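Just so you know, the sequences run in chain order A and B.
The numbering of the first sequence is the working numbering, which starts it at 1 and goes up by one.
The numbering of the second sequence is the working numbering, which starts it at 339 and goes up by one.
Derived by calculation from the structure, the hints in this document are not laboratory data.
Quick caveat: nothing in here was measured; it's all calculated off a predicted structure.
Ideal Cβ positions, reconstructed from N, Cα and C, are used throughout, including at glycine.
Heads up, a few of these hints could be off.
[Unchecked claim] Calculated from the model, a selection of chain A residues having no Cβ within reach of chain B, i.e. all distances over 12 Å:
1. Leu-11
2. Arg-266
3. Ala-272
4. Gly-311
[What the hints assert, rightly or not] Below, a sample of chain B positions facing chain A; criterion: calculated Cβ distance under 10 Å:
5. Lys-491
6. Leu-494
7. Ala-608
8. Leu-613
9. Asn-614
10. Glu-625
11. Ser-627
12. Met-650
13. Ser-674
Number of protein chains: 2
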Amino acid sequence: MRNSELVIDRLPDPEPGPGEILVRTLACGICSADIDTVRDAQAWVDQVEDWGNARALDPALDLVLGHEFCAEIVDYGPGTARRLRTGTRVVSMPAIMRPGMIAPIGLSNQVTGGYGELMVLSEPLAVEVPGGLGSELAAMTEPMASGVHAVAKARLDERDAPLVVGCGPAGLAVIAALQQAGAEPIVAADFSPLRRELAEKLGAHVVVDAALHAPLEVWKQTAGTRPAVIFECTGVHGMFQKLISAAPREARIVAVGICPEDDTYRPITAIAKELNVQFVLGYTPAEFSETLRRIAEGVYDVTPLITGRVGMSGVSSAFVELEKPDLHAKIMLDPSRS
Amino acid sequence: MRNSELVIDRLPDPEPGPGEILVRTLACGICSADIDTVRDAQAWVDQVEDWGNARALDPALDLVLGHEFCAEIVDYGPGTARRLRTGTRVVSMPAIMRPGMIAPIGLSNQVTGGYGELMVLSEPLAVEVPGGLGSELAAMTEPMASGVHAVAKARLDERDAPLVVGCGPAGLAVIAALQQAGAEPIVAADFSPLRRELAEKLGAHVVVDAALHAPLEVWKQTAGTRPAVIFECTGVHGMFQKLISAAPREARIVAVGICPEDDTYRPITAIAKELNVQFVLGYTPAEFSETLRRIAEGVYDVTPLITGRVGMSGVSSAFVELEKPDLHAKIMLDPSRS
């Protein structure tokens, strides 16, 4: 990203610093956060001013996007343990740990992301990809890990009945994690037939066409008086208040979707219903590794989520395509292809 | 309240229905919700449209306020158990249970509240006041019970370090309940010296003059890296976002204060910090009875909270006086006095 446009250019090869490895990207998922960043990077920076790493992004400087990647080890920086050999395929949480700072990979100017051919990773965060697992599927670790984390933060108990609002990649990751946690029934809502079909494949028991039915009405018919745990996975402006208004008493809302602008709600409704809201982001290293294990062992079948593939010159059109939720869930970039 | 004005007038004596008792008010606290209702009843009604009982209040009709009361039994309706004799002093959750409805006492047109000389109560909700306890202190059961409930909903564990923002009656009730729950240190913030003094009397270990120091800065100096549980007890517009912005990572916000208008917040900040927000209202019957016990046994010394006393003609001036937080916490009305 240069001057808020996507461009293809040749940059100097990144140099791995102490404790870092140099890797070559094999596959990198395109995330809606990438699209939001290109659309209005300054708004993103303004919004995340309270976020510790915000100052890592200056929209006036070049940014190499990409935080959902699988890559192979090419070289080692000084002071590395070299426990994994060159050629080993790895995934990593998208962060570089350097003295006094943690830079987000793919959303900072300090380090390049997975849209580039080469990048550096912190060696201790690199996790080996099991031999039989395709690189594109391994690159799904990052988005799927967010679902594992969101469900862990929801602290479900047996009676809780979940509703997933929005079945884009974030919602689908939550559904897979709910299914794995044994939640039942899982009710999921989206406008897109493709995304509802994917929701069913990943474990949703009841899918709601949000154009025809109010998700919480269908949830009530299905779950009755059980405690409601509503996963907000759209990040759409105003959705928070819609859910507050529709939620039953004592519902818990887990805010997974990232609404990138200030939002308004009605406190008195949330108070009258004694709602609980858990905001969530990211995952722990353990959750990240556990997600890779689930994908590698076939616990999660993420193959159907990959609905498109592009080379370097196809990223711009992929950004446009991803605005059509009827056609796509995840588009994978192979930066070695032109 | 008649046409949004406080008036003194003679109404027909209320008639206790099936399962109801007729009582005479001995003391009734003046609550900020009463003041908000008189100031703009229609806004209140509009705001609480999602609240089940909202339709019980029509600003065009007479409203007898008062939901923090102690009263004595005068007579019985049909089908009552009459387990308590006439003359027995009682407190009650401010609600009447009737077939198909629950009407809030003091905030609905259907039933009169504690600002009147006589009202009816649901017999099963009436709790006997122990002999030695003054009626004004017993009338503090209702506001203090909200604190017991808020602290119960916060599900504190040993490491949690609370901060109480706002030391009006709601915040003071939370402080008393925190002290009783063994929380330490309890940090509490308010602009008013009187309210800070009351906060200390009720159990706050550190009080913050909010005019001089940022409450969360003082909290951090006191509590270090312990988990933050922030009780928002002001209900002030914009305070929610201020706390989101100042809160440490993974803080829990317990929303006790009632902000009676739509409010704006920044989702991305709450997400980045993975905050949790628990909205709370009211109390259970068990919490209400437990609160009366605490007051009666001197576990809570609520005497210093009563900073003023008025008769019927003094209510209007009490509404004005209560806008001065340097002078008052709770003003008690004795409706038998003119």
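Now for the hints, and whether the structure bears them out:
1. Leu-11: 29 Å, holds
2. Arg-266: Since the minimum Cβ distance to chain B is about 5 Å, Arg-266/A lies within 12 Å and the statement is violated.
3. Ala-272: 4 Å, violated
4. Gly-311: Since the minimum Cβ distance to chain B is about 32 Å, Gly-311/A lies beyond 12 Å and the statement holds.
5. Lys-491: OK, holds: Lys-491/B within 10 Å of chain A, min 7 Å.
6. Leu-494: 15 Å, violated
7. Ala-608: 4 Å, holds
8. Leu-613: Constraint on Leu-613/B satisfied, holds at 5 Å.
9. Asn-614: 5 Å, holds
10. Glu-625: 13 Å, violated
11. Ser-627: This interface hint is violated because 20 Å lies over the 10 Å limit.
12. Met-650: 30 Å, violated
13. Ser-674: 33 Å, violated
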